[in-house]
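**Student:** In order, the protein sequence lines correspond to chains A and B. What the first sequence shows, in my numbering, is residues 1 to 250, in sequence order. What the second sequence shows, in my numbering, is residues 1 to 481, in sequence order.
Check the hints yourself; a few may be wrong.
[To be verified] In silico DSSO-like cross-links for lysine-lysine, where the CA-CA straight-line distance does not exceed 30 angstroms:
(1) K50(A) to K470(B)
(2) K108(A) to K470(B)
(3) K50(A) to K118(A)
(4) K141(B) to K100(A)
(5) K454(B) to K50(A)
(6) K100(A) to K425(B)
(7) K194(A) to K245(A)
(8) K100(A) to K5(A)
(9) K108(A) to K147(B)
(10) K346(B) to K458(B)
(11) K118(A) to K454(B)
(12) K265(B) to K399(B)
(13) K458(B) to K135(A)
(14) K100(A) to K458(B)
(15) K245(A) to K165(A)
(16) K190(A) to K118(A)
(17) K166(B) to K411(B)
(18) K100(A) to K454(B)
(19) K135(A) to K108(A)
(20) K64(B) to K10(A)
(21) K135(A) to K352(B)
(22) K380(B) to K399(B)
(23) K399(B) to K50(A)
(24) K277(B) to K425(B)
(25) K118(A) to K64(B)
(26) K425(B) to K108(A)
(27) K194(A) to K65(A)
(28) K226(A) to K194(A)
(29) K118(A) to K65(A)
(30) K399(B) to K425(B)
(31) K352(B) to K118(A)
(32) K147(B) to K277(B)
(33) K10(A) to K265(B)
[Said to hold, decoys possible] Pulled a few chain A residues facing chain B out of the computed Cβ check, cut under 7 angstroms:
(34) P91
(35) G148
(36) G149
(37) V248
I should point out that these hints are in silico values taken from the structure, not numbers from a laboratory. We put the beta carbon where it would ideally sit given N, CA and C, even for glycine.
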Amino acid sequence: MLEIKNLHAKIGDKEILKGLNLTVKAGEVHAIMGPNGTGKSTLASIIAGKEDYEITAGEILFEGKNLLDLSPDERAREGVFLAFQYPVEIPGVSTTNFMKAAVNAKRKHHGQEPIVAKEFLAMMNEKRQLVELDKSYLSRSINEGFSGGEKKRNEIFQMAMLDPKLAILDETDSGLDIDALRIVADGVNKLKSKNNAFLVITHYQRLLNYIVPDFVHIMYDGRVVKTGDKSLALKMEERGYDWIKEEVGV
Amino acid sequence: MSEQDTILGEHISSDYKYGFITDIEQEKAPIGLNEDTVRYISCRKNEPEWMLEWRLTAFRQWLKMKQPEWQNVHFPNIDFQSIIYYAATKKKPQYASLDEVDPELLAVYDKLGLPKEEQKLLAGVAVDFVMDSESVITTFKETLKEKGIIFCAISEAIREYPDLVKQYLGSVVPPRDNYYSALNSAVFSDGSFVFIPKGVRCPMELSTYFRINAQNTGQFERTLIICEDNAYVSYLEGCTAPMRDENQLHAAVVELVAMDNAEIKYSTVQNWYPGDKEGKGGIYNFVTKRGICKGINSKISWTQVETGSAITWKYPSCILKGENSIGEFYSVAVTNNYQQADTGTKMIHIGKNTRSRIVSKGISGGHSQNSYRGLVQVHKTAENAYNFSQCDSLLLGDKCGAHTFPYLEIKNKSAQVEHEATTSKIGEDLLFYCNQRGLSNEEAVDMIVNGYCKEVFKQLPMEFAVEAQKLLSISLEGSVG
Ligand SMILES: Nc1ncnc2c1ncn2[C@@H]1O[C@H](COP(=O)(O)OP(=O)(O)O)[C@@H](O)[C@H]1O
Ligand SMILES: [Mg+2]
Chain A
1 MLEIKNLHAK IGDKEILKGL NLTVKAGEVH AIMGPNGTGK STLASIIAGK EDYEITAGEI
61 LFEGKNLLDL SPDERAREGV FLAFQYPVEI PGVSTTNFMK AAVNAKRKHH GQEPIVAKEF
121 LAMMNEKRQL VELDKSYLSR SINEGFSGGE KKRNEIFQMA MLDPKLAILD ETDSGLDIDA
181 LRIVADGVNK LKSKNNAFLV ITHYQRLLNY IVPDFVHIMY DGRVVKTGDK SLALKMEERG
241 YDWIKEEVGV
Chain B
1 MSEQDTILGE HISSDYKYGF ITDIEQEKAP IGLNEDTVRY ISCRKNEPEW MLEWRLTAFR
61 QWLKMKQPEW QNVHFPNIDF QSIIYYAATK KKPQYASLDE VDPELLAVYD KLGLPKEEQK
121 LLAGVAVDFV MDSESVITTF KETLKEKGII FCAISEAIRE YPDLVKQYLG SVVPPRDNYY
181 SALNSAVFSD GSFVFIPKGV RCPMELSTYF RINAQNTGQF ERTLIICEDN AYVSYLEGCT
241 APMRDENQLH AAVVELVAMD NAEIKYSTVQ NWYPGDKEGK GGIYNFVTKR GICKGINSKI
301 SWTQVETGSA ITWKYPSCIL KGENSIGEFY SVAVTNNYQQ ADTGTKMIHI GKNTRSRIVS
361 KGISGGHSQN SYRGLVQVHK TAENAYNFSQ CDSLLLGDKC GAHTFPYLEI KNKSAQVEHE
421 ATTSKIGEDL LFYCNQRGLS NEEAVDMIVN GYCKEVFKQL PMEFAVEAQK LLSISLEGSV
481 G
């Protein structure tokens, strides 16, 4: 589904990604761990199409297509979803209206008619329950006055509404208490299927107790330096990032 | 005035009816402006003597006045002698069918979802007027009549209800108020008159739309709305479809009078031709709008959505004279390309416990300039006056400008005045967030701007609000790179 080969990217004069490789197949859950400032969010932004970065080498294929040729909104409509580390607020725009526009943009892209109101409301109701989001949040301005945890749940709710092929979760767990963490993880687990894939970026192992990854990648200084199964995450937590530095000789 | 003009003027005033017989047969007033022009207009309208005198007094005052220069707008000098001030007949349709009309204009009409018949009317295509809408208008008029409501052209009111007009015309905006109100008072040719008698709630929104085929809206429109005790009316002015007009200068005057416990809601969607992308052509819209809350507990609300005109200059205001009266101003002003807008309001607190609320949203794109100018004045007599002002500016690019000029004049210590102002840009992060959910830049800006203006749109009658939203999207097309 996603194939990243030798990706180099910089912002201004600063090289952030330095030859990153990653392959994700449908039905898989991949976790990316690594210390702060390693380029995890940068990777997520580049996959989603944020324009601040200059790609100096490498390629990203999504379902065989060159992802870098597509605009951010085209990528989204093709099925790439990013749950943001820091979701923004949009004053005066309710989650309901926002989602209606988003769902219809995707439908149009796939040659479908706009969604019927009744069907849309039913879908909203079903998906919000998945993340235990109260009905009242849907008519409020997006993220305005939401707590950290509510913002993250709103991201997962949006993900559920848009049913992406590839979902990237950028530190969705940070700032969440254990209950919220469980809610978010349950949501993800229910959405998991053999047709979609998840890329879960996290700083801590604890989320991976709930969302069990098929692969764990350790990222360091703009590269994936080690890949393993879920036990790698535990080892990481136990031994800390210094262990990785020694292990891979950086 | 030249000597010849004076002589002519004297001659005419002695027996102007006779003097004008030949002119009356003509369709237009001769080009330029002098007392004869004023007489000509008054005569064409079959006005009584007192009305002519009123106009002439205004005209003489105008001659002594200077064009104001304090606004934050720039335009070449207007030559007032090169304008035709009156054309009797409706403009002849310019086109035989829609095929001949500028396709860009038609595309906009389609986006607004206007029916073909209406498109023809607006674009100046010959129409066979549909019987249907004629009968709608007739039913509408009957309903109003039963309630004792008067809703007619101002020229008709001058003839049919002279006492009401004499009592109120110029009572809120005196002709000498400013340069353009004096000009309007001298030469106004049309507009609406509304009178809601005691205790009557007007059962429907009154709209100039219902009069659109009765006469063309003139370039010097005059509107007078009176709500007696315990009466209510909601009035809609304008049209969401972009209106082309050969007249470059528009100078309307609107006066509202609310008596005890009366409420007037006045909503405007202004969408005159803004000029092309380089800023050529386009209408100058210099308007004086003012309402007086004369009675206790009365309320006047102005809501405006301004997207058109090359230059807009307008400050719908409230004089809060009656105790406990309320004035409100909700405004969205959008400028794009080379448009200039200097708009805002004045809230004049005179009575006790008067309250006012100002919500202004300015949105600028392209090379446009958008200024908010607002005055909150609390007189000595206005014990416990309260004002809240919220002025927000949204910039869509880096070549446009937003300016805020709030003025406060407080003469009573008990007054409470709150002012909040923000200036923001649609940030990259916000756009990217929307993009990431599948929305194009255009859709994203649309959504963000509409959210930004929500508080104002909420004030508009439902149907108008939906149209205003669409209009905003169209006005902002191409404003973000
Ligand atoms: N817009 C930016 N301008 C300059 N440097 C940036 C920008 N965004 C990220 N960086 C730098 O890139 C590096 C990687 O950041 P990031 O991808 O956020 O790391 P992580 O998510 O792994 O903590 C950091 O050193 C950060 O300071
Ligand atoms: Mg990060």
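**Student:** In ascending order, which of the hints set out earlier in this document are inconsistent with the structure?
**Tutor:** The structure breaks hints 3, 4, 7, 8, 9, 12, 15, 17, 20, 21, 22, 25, 29, 31, 32, 33, 35, 36 and 37; every other hint is satisfied.
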